[in-house]
Amino acid sequence: MALMQRRANVRLPPEVNRVLYIRNLPYRITAEEMYDIFGKYGAIRQVRVGNTPETRGTAFVVYEDIFDAKNACDHLSGFNVCNRYLVVLYYQANKAFKRVDVDKKKEELDKMKAKYGINTEEK
Numbered sequence: 001m002a003l004m005q006r007r008a009n010v011r012l013p014p015e016v017n018r019v020l021y022i023r024n025l026p027y028r029i030t031a032e033e034m035y036d037i038f039g040k041y042g043a044i045r046q047v048r049v050g051n052t053p054e055t056r057g058t059a060f061v062v063y064e065d066i067f068d069a070k071n072a073c074d075h076l077s078g079f080n081v082c083n084r085y086l087v088v089l090y091y092q093a094n095k096a097f098k099r100v101d102v103d104k105k106k107e108e109l110d111k112m113k114a115k116y117g118i119n120t121e122e123k
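The sequence shown runs contiguously to residue 123 in full-length UniProt numbering.
A few of these clues could be false.
In silico SDA-like links for lysine to any residue, alpha-carbon gap of 20 angstroms or less [unchecked claim]:
| id | residue 1 | residue 2 |
| --- | --- | --- |
| 1 | 105 | 118 |
| 2 | 40 | 18 |
| 3 | 105 | 116 |
| 4 | 40 | 87 |
| 5 | 40 | 86 |
| 6 | 106 | 118 |
| 7 | 40 | 77 |
| 8 | 40 | 85 |
| 9 | 105 | 93 |
| 10 | 105 | 87 |
| 11 | 40 | 81 |
| 12 | 40 | 75 |
| 13 | 40 | 80 |
| 14 | 104 | 89 |
| 15 | 40 | 74 |
| 16 | 104 | 54 |
| 17 | 40 | 82 |
| 18 | 104 | 94 |
| 19 | 40 | 54 |
| 20 | 40 | 89 |
| 21 | 40 | 90 |
| 22 | 40 | 30 |
Now the in silico label distances, taken between C-beta atoms and shown as ranges [claimed, not checked]:
| id | residue 1 | residue 2 | range |
| --- | --- | --- | --- |
| 23 | 52 | 94 | 35 to 43 angstroms |
| 24 | 53 | 115 | 29 to 37 angstroms |
| 25 | 32 | 53 | 16 to 24 angstroms |
| 26 | 71 | 118 | 51 to 59 angstroms |
| 27 | 110 | 60 | 25 to 33 angstroms |
| 28 | 103 | 83 | 28 to 36 angstroms |
| 29 | 107 | 78 | 19 to 27 angstroms |
| 30 | 85 | 12 | 37 to 45 angstroms |
| 31 | 112 | 52 | 26 to 34 angstroms |
| 32 | 113 | 45 | 43 to 51 angstroms |
| 33 | 107 | 35 | 36 to 44 angstroms |
| 34 | 52 | 89 | 26 to 34 angstroms |
It should be emphasised that the hints constitute simulated quantities derived from the structure, not laboratory data.
As the structure is a computational prediction, the values presented were derived from the model and not from experiment.
For glycine and all other residues, C-beta sits at the position ideal for the given N, C-alpha and C.
Take the sequences, apply the hints, and build the full model.
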């Protein structure tokens, strides 16, 4: 009870959440190895390891408790795994989808240009 009451009084920075985004992972790392590394800091709800050419070397780790996620982020940033130093960040949806939005807007703009015969290339 004392632990829960103490945690209730702690104010975390706004970017802290239960989902961690990990970069600079060895390409051959497995979900089981991720559970071994990150599970030391608390109960994990889910691990997703990137498996496409664009997402290799990255993973998401979702903790049950936000304080466990913060503890893992604090302790595992810079952790050496197979001579690679992990980059552990808090997942931020607004940043992750910003790039998709830019690509989508460019595609819409290109369609509009084609529809109205606008050519913006210099001659």
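Right, here's what the structure says about each hint:
no.	hint	in the structure
1	105 <-> 118	holds (16 angstroms)
2	40 <-> 18	holds (15 angstroms)
3	105 <-> 116	holds (17 angstroms)
4	40 <-> 87	holds (17 angstroms)
5	40 <-> 86	holds (16 angstroms)
6	106 <-> 118	holds (14 angstroms)
7	40 <-> 77	holds (14 angstroms)
8	40 <-> 85	holds (18 angstroms)
9	105 <-> 93	holds (18 angstroms)
10	105 <-> 87	violated (30 angstroms)
11	40 <-> 81	holds (15 angstroms)
12	40 <-> 75	holds (11 angstroms)
13	40 <-> 80	holds (15 angstroms)
14	104 <-> 89	violated (26 angstroms)
15	40 <-> 74	holds (13 angstroms)
16	104 <-> 54	holds (18 angstroms)
17	40 <-> 82	holds (18 angstroms)
18	104 <-> 94	holds (15 angstroms)
19	40 <-> 54	violated (28 angstroms)
20	40 <-> 89	holds (17 angstroms)
21	40 <-> 90	holds (18 angstroms)
22	40 <-> 30	holds (16 angstroms)
23	52 <-> 94: 35 to 43 angstroms	violated (23 angstroms)
24	53 <-> 115: 29 to 37 angstroms	holds (33 angstroms)
25	32 <-> 53: 16 to 24 angstroms	holds (22 angstroms)
26	71 <-> 118: 51 to 59 angstroms	holds (54 angstroms)
27	110 <-> 60: 25 to 33 angstroms	holds (31 angstroms)
28	103 <-> 83: 28 to 36 angstroms	holds (34 angstroms)
29	107 <-> 78: 19 to 27 angstroms	violated (38 angstroms)
30	85 <-> 12: 37 to 45 angstroms	violated (25 angstroms)
31	112 <-> 52: 26 to 34 angstroms	holds (30 angstroms)
32	113 <-> 45: 43 to 51 angstroms	holds (45 angstroms)
33	107 <-> 35: 36 to 44 angstroms	holds (38 angstroms)
34	52 <-> 89: 26 to 34 angstroms	violated (20 angstroms)
Taken one by one, the earlier hints fail for this structure at numbers 10, 14, 19, 23, 29, 30 and 34, listed in ascending order.
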